[in-house]
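**Student:** Letter by letter, the chains look like this.
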Amino acid sequence: MKRFIRLLALMSAVVVALAACQKAAGPQIQVEDAWGRPSPKVATAGAFYMTLRNTGNEDDALIGASSDACGTVELHESFKTAEGAMGMRPVEGGKIVIPAGQTVELKMGGLHIMCIDKKVDFTPGTKVKLVLHFEKSGDMPIEVEIRQPK
Amino acid sequence: MAYKKPVLVLVGALLLVAVGWWGWNRFRPYAFHGTVLQSTEPAPDFTLMSADGPVSLRDFRGKVVMLYFGYTFCPDVCPTTLFEVQRAMELLGDDADQVQFIMVSVDPARDTPERLKEYVQYFDPRFIGVTGSEDEIAEVATQYGIYYQKHEGTVATGYLVDHTASITVVDKKGYVKLIFPYGTPAEDMAADLKYLISH
Ligand SMILES: [Cu+2]
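As they're listed, the protein sequences go chains A and B. Read in the numbering used here, the first sequence has 77 at position 77, and its numbers run on one by one without any break. Read in the numbering used here, the second sequence has 53 at position 53, and its numbers run on one by one without any break.
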C-alpha cells in the first residue's frame with residue numbers, strides 16, 4: 001500500500017511538471033505598468049513606458065505598436081552620444097527583444113514607445129488604447145495610463 | 001577620591017567629541033550635489049526672444065538662473081528634466097521665486113517663442129522659453145559649452161536633435177557655478193539651489 005501511494009505521488013508530480021512545460025512552451029509576454037507622462041498640446045510627440053516580462057521559454061520581440069491616439073508609433077531609445085549629449089533614435093533592427101525568462105524595462109531616458117503626432121490630449125487620468133505587435137505572440141491590446149512619473 | 005580622576009577624564013573626552021561634532025557640522029563647507037565650476041569670468045550675457053519679449057541673462061542678476069538647452073519635439077529626455085526641475089521648485093517653496101529656469105531651444109526652426117512658452121509653462125508657469133536665429137542659438141550654445149547636432153530621423157519624426165542635457169546654474173552674482181548632469185534628482189537640485197539662494 002505504501003509503495004502504491006509513493007508511486008501515485010510520483011506519477012502526479014510528473015503530470016504536473018508536464019502540464020507546466022506545456023503551458024510555458026513558447027514565449028509568454030506580460031505587460032505591466034504601461035504609462036505615459038502628461039504633456040501640453042504643443043508637444044507633438046509623447047513617450048510610453050512599461051515593463052515587458054517574458055515568463056515563457058522562448059525569446060520574443062516587440063516589433064511595433066499602433067494607436068488611434070497617434071499619427072505614427074515608433075520604437076525608440078534615448079542614449080548618450082559619443083559627445084556626452086543625449087540623443088534619440090529608432091531601436092536597432094526595428095525591434096525590442098524580450099529574451100525567455102527575462103524582463104525588459106521601457107523607461108525614461110531609455111527605451112520607449114514614441115507616439116508621434118498626438119491626436120488626443122495627454123491629460124492625467126487619460127487612458128490611451130495601444131496595440132503592441134510581437135514577433136511571435138502577435139497583437140496585444142493594452143491601455144496606457146497618462147500620469148506623472150512615480 | 002581615587003575614582004574621580006578617570007571619571008573626569010571620561011567626561012572631558014565626551015565634551016571634546018561633542019564640541020568637535022558641533023563645530024564640524026557648523027563650519028564644514030557645503031558639499032554640492034552638482035558639479036562645481038570655478039568661473040573667473042561672469043557667465044556670458046545673451047539676449048534671446050521669448051513670447052513676452054526679449055530676455056537677457058542680466059535681467060536676472062540677484063536670482064539663481066538655471067539654463068537648459070532642449071526642444072519641444074523631444075518627448076523623453078526634455079520632459080523628464082523639466083519635470084524634475086518643477087519638483088525642485090516645489091521643494092523650494094517660497095524660495096523658488098529666487099530661481100529662474102530658462103529653456104533655450106536647440107531647434108529654432110520648429111520652436112516658435114509661443115510654442116516654447118506653452119511647453120515650459122505646462123511644467124511651471126514661472127519657466128521661460130527662449131529662441132533666436134540659428135546663428136544666435138549657436139553662439140550662446142558655444143559660449144556655454146553646449147553641444148547640439150541635428151540628425152536625420154524617420155519620415156514621422158523629421159530630424160531629431162542630439163543635445164547636451166545638463167542644466168547650467170548661474171549664481172546670484174552672474175557666475176556659472178554648477179552643472180546638474182542629466183538625471184540629477186529634484187532633491188539634490190533643490191538642496192544646491194537653496195544654498196545658492198542663501199549665500
Ligand atoms: Cu522617441
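There's no promise every hint is true.
With a straight-line Cα cutoff of 30 Å, these simulated DSSO-like cross-link-like pairs (lysine-lysine) come out [stated by the list, open to error]: (1) A:Lys41 - B:Lys117; (2) A:Lys80 - B:Lys150; (3) B:Lys117 - A:Lys118; (4) A:Lys119 - B:Lys117; (5) B:Lys117 - A:Lys127; (6) A:Lys107 - B:Lys150; (7) A:Lys119 - B:Lys172; (8) B:Lys63 - A:Lys118; (9) A:Lys95 - B:Lys150; (10) A:Lys150 - B:Lys117.
Computed, partial: chain A to chain B, Cβ under 10 Å [what the hints assert, rightly or not]: (11) Ala43; (12) Thr44; (13) Ala47; (14) Thr81; (15) Val104; (16) Met108; (17) Gly109; (18) Lys119; (19) Val120.
Keep in mind the hints are simulated off the structure, nothing from the lab. The beta-carbon is built from N, C-alpha and C at its ideal position, and this holds for glycine as well.
**Student:** Look at each hint and say if it fits the structure.
**Tutor:** How the hints compare with the structure:
Proximity of A:Lys41 to B:Lys117 is assessed by CA-CA distance (about 12 Å); at most 30 Å being required, the pair is judged to hold. Proximity of A:Lys80 to B:Lys150 is assessed by CA-CA distance (about 15 Å); at most 30 Å being required, the pair is judged to hold. Taking the CA atoms of B:Lys117 and A:Lys118, the gap is about 19 Å. The hint holds against a cut of 30 Å. Proximity of A:Lys119 to B:Lys117 is assessed by CA-CA distance (about 21 Å); at most 30 Å being required, the pair is judged to hold.
For the suggested pair B:Lys117 and A:Lys127, the alpha carbons sit about 27 Å apart, so the restraint of at most 30 Å is met. Straight-line distance between C-alpha atoms of A:Lys107 and B:Lys150 comes to about 24 Å, which keeps the hinted pair within the 30 Å bound. Taking the CA atoms of A:Lys119 and B:Lys172, the gap is near 43 Å; set against the 30 Å cutoff, the hint is violated. Restraint check for B:Lys63 and A:Lys118: not satisfied, since their Cα atoms lie roughly 37 Å apart, outside the 30 Å limit.
Restraint check: the Cα-Cα separation between A:Lys95 and B:Lys150 comes to about 24 Å, which is no more than 30 Å; the hinted pair holds. For the suggested pair A:Lys150 and B:Lys117, the alpha carbons sit about 26 Å apart, so the restraint of at most 30 Å is met. With a least beta-carbon distance of about 6 Å to chain B, the hint placing A:Ala43 at the interface is held under the 10 Å criterion. The interface hint given for A:Thr44 holds, since its Cβ lies 6 Å from the closest Cβ of chain B, which is under the 10 Å cut-off.
Annotation: A:Ala47 was flagged as interfacial toward chain B, and the flag holds, the nearest CB pair being 4 Å apart, inside 10 Å. Checking A:Thr81 against chain B: minimum C-beta separation of about 5 Å stays under 10 Å; hint holds. Look at A:Val104: its Cβ only gets to about 16 Å from chain B, farther than 10 Å, so that hint breaks. Taken as an interface hint, A:Met108 checks out: its beta carbon lies about 5 Å from the nearest beta carbon of chain B, inside 10 Å.
About 6 Å separates the beta-carbon of A:Gly109 from the nearest beta-carbon of chain B, less than 10 Å, and the hint is met. This hint is violated: A:Lys119 has a C-beta 13 Å from the nearest C-beta of chain B, more than the 10 Å allowed. With a least beta-carbon distance of about 15 Å to chain B, the hint placing A:Val120 at the interface is violated under the 10 Å criterion.
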